[in-house]
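Undergrad: Below are the chains, spelled out letter by letter.
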Amino acid sequence: MNGTKMKRALTYLAFVSPAAALFAVFIVLPFVRAFLYSFQDWDGIGREMAWVGPANYLRAFEETAFRASVWFTARFVAVTAVLLNVLGLLLALAVNVKLKTGHFARTAFFLPTVIVPVLVGYLWGFIIVQLLPDIGEWTGIRILQKNWLSLPDYAFISIAAVFVWQHVGYYMVIYLAALQGVPRDLLEAAAMDGAGRWGTFRSVVIPLIRPAVTVCTFLAVAAGFKSFDLNYSLTQGGPFGTTESLTLQIYKDAFQRNLFSYASAKAILFFAALSAVTLIQVAYMKRKEVQL
Amino acid sequence: MTRSGCGIGKGLLEAGLIALALLFLFPFYLTLVNGMKPYDEMARSLLAFPRAPELKNFAAVWEKLNYPRSFLNSLSVTAASVAGILLASAACAYQLVRRPGRISSAIFYSILASMIIPFQTVMVPLVVVAKELGLVDTLHGVILIYCGFSLPMAVFLYHGFIKAIPRELEEAAHIDGSGTFGTFFRIVFPLLKPVTASVAVINALGIWNDFMVPLLMIRSESLRTIPLASSIFYGVYKSDWNLAMAALTLGMLPVVVFFLFMQRFIVQGIVAGAVKT
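Residue numbers (the working numbering), protein chains in the order written: chain P, 486 to 777; chain W, 43 to 319.
None of these hints come from the bench; they were simulated from the model.
Small disclaimer: the values here were computed from a predicted structure and weren't measured.
Treat each hint with caution, since some may be false.
No more than 30 Å apart at the CA atoms, straight line, and that leaves these computed lysine-lysine pairs for DSS-like [claimed, not checked]:
1) Lys205/W / Lys490/P
2) Lys492/P / Lys235/W
3) Lys711/P / Lys173/W
4) Lys492/P / Lys205/W
5) Lys737/P / Lys280/W
6) Lys631/P / Lys280/W
Label-pair distances were calculated between CB atoms; the ranges are [as the list claims (entries may be wrong)]:
7) Gly202/W / Gly625/P: 26 to 34 Å
8) Ile217/W / Ala499/P: 16 to 24 Å
9) Gly277/W / Glu622/P: 27 to 35 Å
Even for Gly, the Cβ is constructed at its ideal location relative to N, Cα and C.
Modelling step: build the complete structure from the supplied sequences, incorporating the hints.
TA: Below you can see the structure in the form of structure tokens.
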């Protein structure tokens with residue numbers, strides 16, 4: 486190797502290696518280990534470690550708490566992904582109309598997005614536990630007088646509603662950008678051809694913002710899957726583990742119950758489910774985009 | 043539709059939006075006013091504006107939460123992580139684009155593929171790795187983890203942007219005697235400003251607000267960031283609602299201020315990130 490070649494190689498190394506090293510140490514290495522742990526039996530502390538084959542996975546499929554957590558996560562993803570997209574798009578349509586207070590409304594809808602999520606859980610916990618019963622007493626509405634966080638169905642509604650309150654502004658912003666990218670002359674042409682508002686929306690606007698729908702669905706599904714902070718701070722996974730998301734369960738298994746290898750098996754299942762769902766969703770929705 | 047009909051429709055929409063916007067802001071009002079009431083006044087009425095607003099609760103929280111300390115911890119972790127992410131990923135993307143080949147492609151595509159790995163899948167072994175490297179309960183450990191996990195997205199965004207920059211500029215700089223480092227810092231990095239702004243703002247928000255990494259990594263009280271410190275404080279003072287509300291207000295305040303100044307950039311950053319993915 487001559488001098489210039491050597492120098493070029495060293496320059497390359499200097500530019501690429503910091504990123505590559507961080508990537509290798511903090512993503513690749515733990516990922517490989519998560520996979521290996523999932524076939525072992527280890528408590529995360531001791532030196533003893535034994536290979537147990539698929540035992541952790543089989544145990545997870547049998548465990549009631551794990552099934553409950555899968556069920557919670559699936560319902561949570563479905564409900565919040567639909568609500569975030571529908572309400573996000575509706576808000577975007579509303580603030581896209583030229584109004585005097587449009588900027589104020591946009592800011593208000595977006596503000597919760599930037600707040601520390603774990604604090605959002607405490608804040609809403611206060612409202613749900615302290616204020617809702619008061620409102621129930623003033624209005625005489627029975628169901629508001631109960632502690633929602635102690636009833637499984639209402640705890641689910643609470644956590645989904647708070648999640649949507651916090652994140653809907655994010656989806657509004659993306660849809661708004663997509664709506665503003667729809668060419669004016671196309672809308673005018675549709676109006677001239679006698680298409681009503683609904684007709685224009687369905688046959689012109691929706692097809693043109695399909696890429697945003699694909700992206701927003703992907704983001705919402707991934708965010709719902711990974712939900713942790715709210716479950717930790719608002720419901721602590723309760724009542725009776727009915728709002729324990731997969732990520733919260735993995736955390737509790739590993740760090741509160743010292744089931745390191747068992748938690749790793751769940752983490753791998755979590756990864757497999759999340760990547761399968763999002764890959765299928767994106768592939769399916771992208772194909773619909775192309776058909777136009 | 044007639045013009046007056048349209049006006050009424052617009053008026054209704056406007057009124058509806060204002061009502062909804064106020065409803066969205068209501069939780070913030072509730073936190074703020076109840077943080078300024080003594081306990082018994084709060085117990086009597088949650089909704090009313092405080093009769094004599096006081097900052098006693100805030101002063102108590104300021105001290106018990108060790109607010110200046112956690113604020114500084116959050117600030118240094120966020121600033122150092124963002125700086126690290128920007129430098130490492132821009133430099134890496136630059137050479138990956140300008141020196142194409144099998145090695146560059148392999149690195150780029152593995153980084154790209156890793157974006158599908160959720161943090162929660164690797165958090166358990168990550169703590170083991172951190173322990174082995176002596177990073178547990180240190181702020182630089184937290185910073186390095188943020189750098190690692192925010193890299194892929196940043197490398198991806200920079201990679202796409204650098205590809206569109208014409209080579210001629212750099213060649214001219216080379217002829218003028220500038221080395222690769224000089225060219226990168228003086229010519230290329232300034233041109234990347236739009237991506238740098240998006241990556242910086244989005245990561246700053248995400249890191250400032252993150253709860254999970256400090257929860258996993260930090261044990262010492264003096265190293266807590268704002269989300270972790272507020273969460274622990276809240277657990278201890280749960281029944282002192284007025285103190286808890288003051289703590290929440292203080293916890294949310296910095297990011298609200300940041301948001302009010304940076305709103306435009308935050309929105310641009312989100313849209314830019316969403317369009318690319």
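Undergrad: So which of the earlier hints does this model not fit?
TA: Failing hint: just 7.
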